[in-house]
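A.B. asks: So the chains spell out like this:
Protein chains: 2
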Amino acid sequence: MGKAINNNGKYHKKLTIGLFGFGVVGEGLYKALQQTSSLNATIKKVCIKHPGKKRNAPEELFTTDKDELLNDEEINVIVEVINESEPAFEIVSTALLNGKHAVSASKKMIAEHLPKLLELQKQTGKSFLCEAAACASIPVIRNLEEYYDNDLLHSLKAIVNGSTNFILTKMFEESLSFKDALLLAQQLGFAESDPTLDVDGWDAVNKWAILLTHAYGIVEHPDNIVFSGIQNIQSGDALVAKEKHYDIKLVAQAKKLLNGKVAAFVLPQFVKADDHLSFVKNEYNGVVLESSFADKQFFYGKGAGSFPTASAVLSDISALRYNYRYEYKKLYHHIVPELSEDFYVKAYVSFDDWQYIPKEKFEWIEEWHAEAERKYLVGVLPFTELKNNNWWRENNTSLILSPEPVIEDVEIRRLKKKSLELAGI
Amino acid sequence: MGKAINNNGKYHKKLTIGLFGFGVVGEGLYKALQQTSSLNATIKKVCIKHPGKKRNAPEELFTTDKDELLNDEEINVIVEVINESEPAFEIVSTALLNGKHAVSASKKMIAEHLPKLLELQKQTGKSFLCEAAACASIPVIRNLEEYYDNDLLHSLKAIVNGSTNFILTKMFEESLSFKDALLLAQQLGFAESDPTLDVDGWDAVNKWAILLTHAYGIVEHPDNIVFSGIQNIQSGDALVAKEKHYDIKLVAQAKKLLNGKVAAFVLPQFVKADDHLSFVKNEYNGVVLESSFADKQFFYGKGAGSFPTASAVLSDISALRYNYRYEYKKLYHHIVPELSEDFYVKAYVSFDDWQYIPKEKFEWIEEWHAEAERKYLVGVLPFTELKNNNWWRENNTSLILSPEPVIEDVEIRRLKKKSLELAGI
Numbered sequence: 001m002g003k004a005i006n007n008n009g010k011y012h013k014k015l016t017i018g019l020f021g022f023g024v025v026g027e028g029l030y031k032a033l034q035q036t037s038s039l040n041a042t043i044k045k046v047c048i049k050h051p052g053k054k055r056n057a058p059e060e061l062f063t064t065d066k067d068e069l070l071n072d073e074e075i076n077v078i079v080e081v082i083n084e085s086e087p088a089f090e091i092v093s094t095a096l097l098n099g100k101h102a103v104s105a106s107k108k109m110i111a112e113h114l115p116k117l118l119e120l121q122k123q124t125g126k127s128f129l130c131e132a133a134a135c136a137s138i139p140v141i142r143n144l145e146e147y148y149d150n151d152l153l154h155s156l157k158a159i160v161n162g163s164t165n166f167i168l169t170k171m172f173e174e175s176l177s178f179k180d181a182l183l184l185a186q187q188l189g190f191a192e193s194d195p196t197l198d199v200d201g202w203d204a205v206n207k208w209a210i211l212l213t214h215a216y217g218i219v220e221h222p223d224n225i226v227f228s229g230i231q232n233i234q235s236g237d238a239l240v241a242k243e244k245h246y247d248i249k250l251v252a253q254a255k256k257l258l259n260g261k262v263a264a265f266v267l268p269q270f271v272k273a274d275d276h277l278s279f280v281k282n283e284y285n286g287v288v289l290e291s292s293f294a295d296k297q298f299f300y301g302k303g304a305g306s307f308p309t310a311s312a313v314l315s316d317i318s319a320l321r322y323n324y325r326y327e328y329k330k331l332y333h334h335i336v337p338e339l340s341e342d343f344y345v346k347a348y349v350s351f352d353d354w355q356y357i358p359k360e361k362f363e364w365i366e367e368w369h370a371e372a373e374r375k376y377l378v379g380v381l382p383f384t385e386l387k388n389n390n391w392w393r394e395n396n397t398s399l400i401l402s403p404e405p406v407i408e409d410v411e412i413r414r415l416k417k418k419s420l421e422l423a424g425i
Numbered sequence: 426m427g428k429a430i431n432n433n434g435k436y437h438k439k440l441t442i443g444l445f446g447f448g449v450v451g452e453g454l455y456k457a458l459q460q461t462s463s464l465n466a467t468i469k470k471v472c473i474k475h476p477g478k479k480r481n482a483p484e485e486l487f488t489t490d491k492d493e494l495l496n497d498e499e500i501n502v503i504v505e506v507i508n509e510s511e512p513a514f515e516i517v518s519t520a521l522l523n524g525k526h527a528v529s530a531s532k533k534m535i536a537e538h539l540p541k542l543l544e545l546q547k548q549t550g551k552s553f554l555c556e557a558a559a560c561a562s563i564p565v566i567r568n569l570e571e572y573y574d575n576d577l578l579h580s581l582k583a584i585v586n587g588s589t590n591f592i593l594t595k596m597f598e599e600s601l602s603f604k605d606a607l608l609l610a611q612q613l614g615f616a617e618s619d620p621t622l623d624v625d626g627w628d629a630v631n632k633w634a635i636l637l638t639h640a641y642g643i644v645e646h647p648d649n650i651v652f653s654g655i656q657n658i659q660s661g662d663a664l665v666a667k668e669k670h671y672d673i674k675l676v677a678q679a680k681k682l683l684n685g686k687v688a689a690f691v692l693p694q695f696v697k698a699d700d701h702l703s704f705v706k707n708e709y710n711g712v713v714l715e716s717s718f719a720d721k722q723f724f725y726g727k728g729a730g731s732f733p734t735a736s737a738v739l740s741d742i743s744a745l746r747y748n749y750r751y752e753y754k755k756l757y758h759h760i761v762p763e764l765s766e767d768f769y770v771k772a773y774v775s776f777d778d779w780q781y782i783p784k785e786k787f788e789w790i791e792e793w794h795a796e797a798e799r800k801y802l803v804g805v806l807p808f809t810e811l812k813n814n815n816w817w818r819e820n821n822t823s824l825i826l827s828p829e830p831v832i833e834d835v836e837i838r839r840l841k842k843k844s845l846e847l848a849g850i
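Residue numbers (our numbering), protein chains in the order written: chain A, 1 to 425; chain B, 426 to 850.
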């Protein structure tokens with residue numbers, strides 16, 4: 001049992017890879033493959049933009065001509081880890097149309113081209129794998145595909161952006177201001193010099209659009225999903241959270257409603273101390289799945305960084321040796337539920353002035369506090385308010401969902417009555 | 426996108442299943458498959474022991490003749506969820522030799538026949554999948570196979586037995602006595618009428634033997650792995666744990682040592698409140714993996730119960746449609762590390778009388794407390810003491826490892842010196 005025996009030469013496909021991109025992830029992947037000889041996968045050529053740069057790999061490996069990869073019949077897998085959406089989409093489409101499998105880490109590109117990518121997979125029969133695009137080293141897509149066929153996924157919620165989670169952890173545990181926490185994140189490489197993509201929630205909603213397809217078969221452009229980042233959260237909110245023994249996290253959620261439709265959004269939320277997501281700190285990600293069969297599952301791991309991302313790409317490459325592909329069972333084999341707006345959410349809203357808050361839109365308000373500088377309330381409002389209006393994220397207004405925020409249509413009357421009774425009305 | 430379209434007819438294998446066993450898991454699987462039409466997998470025949478029983482499925486589905494399944498050429502997958510080791514092994518071997526894939530949930534059988542099962546897979550080229558045998562709905566085997574090729578897994582630790590974890594949670598959080606917690610577990614179906622297999626750690630070490638093969642390529646009979654269950658834990662231990670802000674869990678661990686060998690054992694352990702495993706309560710299981718690439722990963726879910734187990738079997742069946750099989754890369758493509766005894770462990774030991782404790786075997790003792798009835802000490806001892814002797818689990822002696830219990834050979838001198846200095850010696 002001490003010798004290295006090639007057990008699987010018979011049925012394993014040899015993978016000859018064309019790699020686009022040699023930044024931190026690309027180089028990480030290159031190094032990882034060098035250490036993984038048993039995989040029988042080699043990078044034949046790497047396509048990069050700037051030929052002049054010094055790189056930690058033999059010069060002859062590199063080219064600036066994408067066709068050298070895309071038209072090479074020997075190359076059967078294209079791996080794309082570049083940072084630009086449209087070129088990335090071009091590369092992936094061409095790869096699939098040229099009979100090659102494709103592996104990608106580009107969440108923005110994938111989220112913005114979901115219908116076309118699905119079409120290409122169906123049309124060409126080739127695999128398009130993108131585990132690295134959703135929470136990196138956490139095998140969430142693979143798990144949704146393998147474990148959650150059909151209607152049994154009740155809900156999922158996740159922290160999918162390490163950058164914002166790092167900032168929130170620092171604001172909470174070390175009482176840093178938002179500004180200082182962001183600066184620290186940038187210094188440590190957890191946030192870009194332009195952090196808007198992360199801080200404003202774009203990265204998170206892109207990932208959520210991808211995961212909704214695998215979780216429920218829902219194919220929606222990220223623009224159609226209600227989201228916010230952490231850009232409006234204030235230190236005062238963190239204080240209130242602490243008083244109530246909560247954390248604040250940016251949580252991507254999806255829940256099957258009683259009417260069969262799905263509520264989905266990406267918003268800051270108060271999270272109880274014993275919630276799995278409270279446990280997810282700094283740049284880590286976490287996913288909680290609730291279903292009829294497996295009950296509750298929780299996955300936790302690094303959602304970003306060159307090695308965690310490279311490990312996810314590596315795992316996809318590994319699966320290609322037995323022709324693994326996403327089946328999108330919820331999309332192709334079941335009636336796909338619609339995204340719904342017909343529900344209510346309970347939320348905390350902090351604001352500078354009552355004039356910014358459309359009080360009449362709330363079903364009821366459970367509590368409110370007013371200081372000279374800042375005020376806040378906790379109330380229930382129709383989700384359509386968040387979908388169709390912007391007051392909740394303008395003028396320094398900060399909205400943070402309560403734990404268990406979704407209230408179904410059928411419950412609203414009963415709960416409103418109860419709330420009024422409690423208030424002595 | 427609302428219609429059910431069969432996208433994958435072209436390359437998907439139709440799976441015709443012969444099922445052995447129709448207890449809670451077998452029936453759960455049957456029901457699950459009925460709801461999962463897109464899987465293109467049907468149970469053709471079910472082999473049971475007692476024909477008279479009333480069952481929730483058509484009578485013609487059942488037979489008592491195993492050859493009706495094993496010799497049927499139409500059946501290409503055997504699923505075995507019975508409760509007896511030797512018959513289960515017979516069934517699985519015959520299935521593989523007859524050119525059928527096999528799926529099993531029988532951890533005891535698998536742990537006790539590892540070399541033969543590996544041999545059969547190599548010899549026949551057929552798949553033998555057993556996700557349900559290790560933490561049920563947590564995809565730990567699949568993850569070890571897919572994400573951790575080669576030498577990069579530093580350590581893994583897990584709570585793999587829901588029964589004992591339920592008992593420990595009740596002892597801790599509700600201050601129940603061991604006896605009362607066990608009774609409650611039995612009433613709720615989390616422990617058998619003969620709970621020894623769970624309580625004494627046999628079930629946990631069986632699962633660990635299986636996971637060591639996938640994690641490190643180590644093939645060891647469970648008898649060769651040092652283990653204990655929770656049978657010796659006392660209420661007094663729980664009190665000490667609380668004082669020190671620890672939990673007590675039954676933890677299966679494996680760690681790569683500096684010398685390249687692997688330390689592995691299943692023992693009760695003090696777990697800090699912020700440890701992932703502290704979060705694993707009642708009948709849930711959890712696995713923490715530390716590696717060079719993905720850094721830290723944590724998986725949490727239900728490790729037992731008919732539906733979580735059935736969901737794991739279902740996931741294995743699903744993978745058989747593209748001929749998935751375990752590659753055991755660490756076993757076949759790398760030098761397999763040995764199990765080592767050349768290290769030390771720090772442990773808390775509570776006992777009735779000093780006569781039961783071989784004090785001279787300890788490298789040093791850091792603290793000790795003596796009451797009339799019960800005494801305890803915390804000290805460092807060579808792991809060989811646990812491997813070769815029984816004093817630590819006889820005569821009402823209770824051993825619980827400290828958090829971070831493993832001390833490497835090379836460190837022992839330095840740490841002993843430091844410990845003596847701290848003690849003012």
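Keep in mind that the hints are not guaranteed to be accurate.
Listed below are the simulated DSBU-like cross-link pairs for lysine-lysine, each with C-alpha atoms no more than 30 Å apart in a straight line [as the list claims (entries may be wrong)]:
hint : chain 1 : residue 1 : chain 2 : residue 2
1    : B       : K841      : A       : K242
2    : B       : K541      : A       : K242
3    : B       : K604      : B       : K439
4    : A       : K242      : B       : K438
5    : A       : K375      : A       : K417
6    : B       : K680      : A       : K296
7    : A       : K281      : B       : K438
8    : B       : K438      : A       : K14
9    : B       : K541      : B       : K667
10   : B       : K680      : B       : K669
11   : A       : K13       : B       : K697
12   : A       : K14       : B       : K541
13   : B       : K721      : A       : K296
14   : A       : K242      : B       : K680
15   : B       : K686      : A       : K31
16   : A       : K272      : B       : K686
17   : B       : K706      : B       : K786
18   : B       : K474      : A       : K296
19   : B       : K842      : A       : K296
20   : A       : K375      : A       : K281
21   : B       : K784      : A       : K272
22   : A       : K296      : A       : K108
23   : A       : K66       : A       : K44
It should be emphasised that the hints constitute simulated quantities derived from the structure, not laboratory data.
Keep in mind the model is a prediction, meaning the values are calculated, not measured.
A.B. asks: Now tell me if each hint is right for this structure.
C.D. replies: Against the structure, the hints come out as follows:
no. : hint               : in the structure
1   : B:K841 with A:K242 : 42 Å, violated
2   : B:K541 with A:K242 : 57 Å, violated
3   : B:K604 with B:K439 : 49 Å, violated
4   : A:K242 with B:K438 : 55 Å, violated
5   : A:K375 with A:K417 : 26 Å, holds
6   : B:K680 with A:K296 : 28 Å, holds
7   : A:K281 with B:K438 : 43 Å, violated
8   : B:K438 with A:K14  : 22 Å, holds
9   : B:K541 with B:K667 : 45 Å, violated
10  : B:K680 with B:K669 : 25 Å, holds
11  : A:K13 with B:K697  : 46 Å, violated
12  : A:K14 with B:K541  : 29 Å, holds
13  : B:K721 with A:K296 : 20 Å, holds
14  : A:K242 with B:K680 : 38 Å, violated
15  : B:K686 with A:K31  : 24 Å, holds
16  : A:K272 with B:K686 : 41 Å, violated
17  : B:K706 with B:K786 : 35 Å, violated
18  : B:K474 with A:K296 : 33 Å, violated
19  : B:K842 with A:K296 : 47 Å, violated
20  : A:K375 with A:K281 : 28 Å, holds
21  : B:K784 with A:K272 : 46 Å, violated
22  : A:K296 with A:K108 : 29 Å, holds
23  : A:K66 with A:K44   : 13 Å, holds
In summary, the structure is inconsistent with hints 1, 2, 3, 4, 7, 9, 11, 14, 16, 17, 18, 19 and 21 from the numbered list given earlier, while agreeing with the others.
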